[in-house]
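Since chain A is already given, all that's left is putting chains B, C and D on it; use the hints.
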Amino acid sequence: MEAILETKDLSIAFGGHVAVNGVSVKITEKKFTSIIGPNGAGKTTFFNLLSGQLTPTHGTIYFKGRDITKLSTTNRTRLGIGRSFQITNVFPNLTVHENVRLAVQSQANVRYQMLAHFNHYKQFKEKANELLELVFLDDKANSLAVNLAHGEKRKLEIAMLLALETEILLLDEPTAGMSLEEVPAIIDVIKKIKGQEDRTIVLIEHKMDMILGMSDEVLVLFHGELIAQGTPEEMIENETVQSAYLGGQYDEQLT
Amino acid sequence: MDLISTLVINGLATGMLIFLLAAGLTLIFGLMSVLNFAHGGLFIWGAYTGVWSYQLSGSFIIGIIVAIVTGLLLGLITEKLIIRPVYGNHIQQILITLGFMLVLQEFIKVVFGPNQIAVSPPAFLQGSFYVGDVIFIKYRLFIIILGLLVYFVSMFILKRTRIGLIVRAGVMNKEMVQSLGINIRLVFMLVFMVGAALAALSGMLHAPYSGVIYAEMGLEFSILAFIVVVIGGMGSFSGSLFAAILVGIAQAFMAYYVPALSLAVNMLLMTVVLIFRPQGLFKAKG
Amino acid sequence: MNLAKVEKSTWIYLAISLLLVIVPFIVTGRSMQFIIIQFFIFAIFAMSYDILLGYTGIISFGHVMFFGIGAYSTAIVMNRFDSTILSFILAIIIAIILAAIVSLIVGMLTLRLKSHFYAMLTLALAGLFLVGAEKWRSLTGGNDGFTFSLPEILRDSQSLYMLCLLSLVLIFFGLRRLTKSPFGRVLMAIRENEKRTESLGYKIVHYKVIASVVAGVVASFAGVLYSISLRFVNTSVFATDMTIDVLLMTIIGGVGTLIGPIIGAGLVEFAHHWLSSLADVHWIFERWIILYGIVYILVVIFFPLGIVGTIQKKFFNRQNYQKKKQQNPRRKLDEGRKEDEDELYRNG
Amino acid sequence: MMSSLLRLNQVEAFIQKFHILHDISFEVPKGEVTVLLGRNGAGKTTTLRTIMGLNKVSKGSINFQGEEIGNLLTHRIANKGIGFVPEEQGIFGELTVGENMRVAMKKEDEQTTKRMEWVLDLFPDLKKFWKKPGGALSGGQKQMLAIARAYVNENELLLIDEPSKGLAPIIVDKVTESIQQMKEQTTILLVEQNFLMASKIGKKFYIIDDGRTVHSGQMDELKEDKVLMKKYLGIS
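Chains as they are written, first to last, in the working numbering: chain A, -4 to 250; chain B, 469 to 754; chain C, 571 to 918; chain D, 8 to 243.
With the rest of the complex left out, here is chain A (with noise of 0.2 Å):
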């Protein structure tokens, strides 16, 4: 199988504290991966890393084999690594379709364009309609993001996310902080994805069931280690991540 992106001995520290240790992983190409692990464990910094935000104080990123461990955010995204946000980080006063529309613009390539009215690109609201349809946000098209509830800008995420089309999508716990009748929508859109066998994928997540059911791989991260990586059957098995994480039968889901 083709690892996409990998990872070699990845590591930040802030001060005194490591936030991620020596993390060495292979995504595979076109698979599903999850990271688990408790509530500070470096999930998201692992992200962060991955996607550019910020940089690793040793160690190196490689994507399709490439070094990308010193490449922006930008290019990082533009060459094909898209990722949401956990705490949602969209653009306020601009309307919900506009938001989904800049990501679009972007994809498309229109950067510089100023001399055109933006209505003048059908395409592009067309599109971005159709991705708020799937996002369930059609209806709030015209509102201002600021005004949208939290599942609601979550959804707004994955819409903006899937707009870029980026060959990677990080998911960063796309259902925290939704209410328990909007979680399934969510899962439905992911699974969509998933389902057209085109795009790989990595999500952060706390809920177990919902990875069990998706998940061709999972990674435990633990204390800015990774403390195992197996198909998720592998992971309930394992005994280094049940003492560690799991840590006796109930207070994994806690986190």
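Calculated from the structure, these hints are not laboratory results.
Cβ atoms here follow ideal geometry from the backbone N, Cα and C, with glycine treated the same way.
It cannot be assumed that every hint is accurate.
Said to hold, decoys possible - The following residues of chain A were derived to be distant from chain D, with all beta-carbon distances above 12 Å: (1) P33; (2) E168; (3) I188.
Said to hold, decoys possible - Derived pair list, reagent style EDC-like, types lysine to aspartate or glutamate, alpha-carbon separation capped at 16 Å: (4) D/K37 with D/E74; (5) A/K25 with A/D133; (6) D/K87 with D/E163; (7) A/K21 with A/E1; (8) A/K26 with A/E(-3); (9) A/K21 with A/E232; (10) A/K120 with A/D133; (11) B/K642 with D/E161; (12) D/K114 with D/E124; (13) D/K87 with D/E19; (14) B/K642 with D/E94; (15) A/K26 with A/E192; (16) D/K63 with B/E643; (17) B/K627 with D/E101; (18) C/K684 with C/D811; (19) D/K211 with D/E34; (20) B/K577 with C/E764; (21) B/K642 with D/E124.
This is chains B, C and D only, laid out in the frame that chain A set:
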């Protein structure tokens, strides 16, 4: 040699004056993360009220006291009316304090008239003396001593006293300090008042130094103070002292050797610093 | 061009422009015409500032340097060459090229900095230009400045009026199109959330530099008009007061609206004129800046969106509310409660 | 009947315009450890912050020792005798461990000094790193410092938000032990995701879901109630 020493002393005196003004600015920025463009307004109000009472009473000390009191009061008003609604929003702070600067400057003209006022140092600080070949102007020496005094007293308060501790803790985590039972609003108001008083004091001290005061002085000097704060690293007290002295001495030398460039030297210094070290000289990271 | 596709607001603006064409035939007083001309010029200047502040979220305290570059280029060219239309066109070209070069260099050097550093650095750079204008006496005449002559047609108040109006209208529509282009939308995205714009694959520094070049060139053009309206130039065109003025106009009118700065410029210009003429009534009006400063402070605190922004927001909300009611009456209103707590603490 | 130290009655709260707490009602009996449980984003942290006055109460009442404290300013609430250990610990990173403690000490009398000594015996690490900046401590040490800091004043009630978050299991045991010692002297309201830890020290529990207190009972019973655990806590 004596020429260089004289220039250095001149530069030090100018630097100390700028430091006093910048100290308040950097204190307020470093501790409260407030960009106060009205600082120059506090400076001229200190100068005018101080000079007015100095000339009325004949006592320089009274002038200084009045300037400080003006600073404290204006600081109180500024914090309550102008800064409090816009805590945490840099753009709004810049915009609103700039507007207040204009108002303060124009009010000077309303209260004290639009003309400039001539000021001379008090008798006991007039004149100069020689040590070897180097000339010491008393008033400048006075300013240098006072500036150093302010620096060390402030450092002592910040580093060694409980109130200093609280202020430093408050900068790092406001909510936590409140949760420990401390009224952080009051503490910050005091910090702002002290910063304003420093501005007013520097205005008052500046008056006899330049010999004349006028309302537009505020904006001119606040630009200078901002330059110093940026060069030193915003929020760094020691950085401001260093940068103020640097600017003061650079100005003194330029004024002597390349007078045409003396006005531009500060801007050039800042431009160079910002381009190569945008966080300023005394700060670890941006 | 398909007329049906033109937005309704465009027709309104065109109609207003036409009305303004008639004005000089009604208002024939030279001093009043002069005030309106000043209003047009500052409206152009304020719009250019709005591109920076309102659309891209950049606070510059040195925008006046481009205005000054325009003013001095014109004055110097007209002074050294014959006072013909040709040299006037040459002056415009020089003004624009100079402004473009300076804004490009300044932008590339400084736009990587954080907002408040950028604000101060531009303040300092404008200060450098001011010092330069004072010291380079052979070229600028120092503090006192100099007068220059103009071709006949530009000396005529009515044709000057038309020139300024035409410029205002063209620049307004040009900038409006720019802000509604895909490029303009990216600028707004940068204003809203720089980091996120980056992770969508946009190189934000490029955008900021382009925005500052556009703003610089337009400001320079305003400077050109300013100097020919006075037939005189001095160092005041580089003064910080001028930046503050244009800042006030933009904010009072409403940032990020383009039409706002025009209205702001009008208000400030006319208020200035009217209040200082009241100085005979009471001396306080001589200090009209106090009033103006207080109004401005109140605007920043209570109407941070400015006049136009506040109106637009009201309008937008109402429109949206009605739309929502029609489309989806059953939708629950209290969906907000799931807001991620952490996130709100950070934002709030 | 046990007297309750703190009582929340139908508390509602907003963050910005978002309605986060809808109906929070519970009591914290004196001398016990009461635990708040619930999913991520259920409103537990907001509840603690609202008690502390860091968040406004829009409706309902918060009663502490028979006195209404809803919407008092935070420092006043703190001075009534409530200590707070926030989720992110709130360590002053550039102050030393000693200075962190000094900020907290309201007075430096004999009694406070005694408490300080007692606390430091509980956390010998803090003594060892007395002159080290708080920011350089490990996660566990930070947590201990945060707890020690809240404890050094004579507080009636401690609010502790997820002390086990991001800590290694061995450290969690240490923190658990220290809280167990403290509960002898102080009433504690604990938010905790680590069920093992919570069940060791907690007596009574309340489950918060969707900004509402939906269930309460004794900690011992909860362990057996698989249905409840799955429904609200997602434990299978």
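Verification of the hints:
Distance check for A/P33 against chain D: the nearest CB is about 7 Å away, which does not clear 12 Å, and the non-interface claim fails. At the 12 Å boundary, the C-beta of A/E168 falls inside the reach of chain D, the nearest C-beta of that chain being 9 Å off. Distance to chain D confirms A/I188 as a non-interface residue, since its nearest Cβ pair spans about 24 Å, more than 12 Å. Only pairs whose Cα atoms come within 16 Å are accepted, and D/K37 paired with D/E74 is accepted, the gap being roughly 15 Å.
A hinted pair counts as satisfied when its Cα atoms are at most 16 Å apart, and A/K25 with A/D133 does not qualify at roughly 29 Å. As the CA atoms of D/K87 and D/E163 are separated by approximately 8 Å, the hinted pair is consistent with the 16 Å bound. With a C-alpha separation of about 4 Å, the suggested pairing of A/K21 with A/E1 holds against the 16 Å cut-off. Our distance criterion of 16 Å between C-alpha atoms is met by A/K26 and A/E(-3), whose separation comes to about 10 Å.
Between the alpha carbons of A/K21 and A/E232 the distance comes to roughly 22 Å, so the proposed pair goes past 16 Å and is violated. As the CA atoms of A/K120 and A/D133 are separated by approximately 12 Å, the hinted pair is consistent with the 16 Å bound. At roughly 22 Å between alpha-carbon atoms, B/K642 and D/E161 are farther apart than 16 Å, so this suggested pair is violated. For the proposed pair D/K114 and D/E124, the alpha carbon gap of about 15 Å is at most 16 Å, so the pair holds.
At roughly 22 Å between alpha-carbon atoms, D/K87 and D/E19 are farther apart than 16 Å, so this suggested pair is violated. Between B/K642 and D/E94 the alpha-carbon distance is near 15 Å, which keeps this suggested pair within the 16 Å criterion. Restraint check: the Cα-Cα separation between A/K26 and A/E192 comes to about 8 Å, which is no more than 16 Å; the hinted pair holds. Distance hint between D/K63 and B/E643 is fulfilled; the C-alpha atoms sit about 14 Å from each other, no more than 16 Å.
Our distance criterion of 16 Å between C-alpha atoms is met by B/K627 and D/E101, whose separation comes to about 12 Å. Only pairs whose Cα atoms come within 16 Å are accepted, and C/K684 paired with C/D811 is rejected, the gap being roughly 24 Å. For the hint pairing D/K211 with D/E34, the CA-to-CA distance comes to about 10 Å; that is within 16 Å, so the pair holds. Distance check on the hinted pair: B/K577 and C/E764 sit about 43 Å apart at the alpha-carbon level, beyond 16 Å; violated.
For a cut-off of 16 Å, the pair hint linking B/K642 to D/E124 is broken: about 27 Å separates their Cα positions.
Violation of the numbered hints given earlier is confined to hints 1, 2, 5, 9, 11, 13, 18, 20 and 21; the remaining hints are satisfied by the structure.
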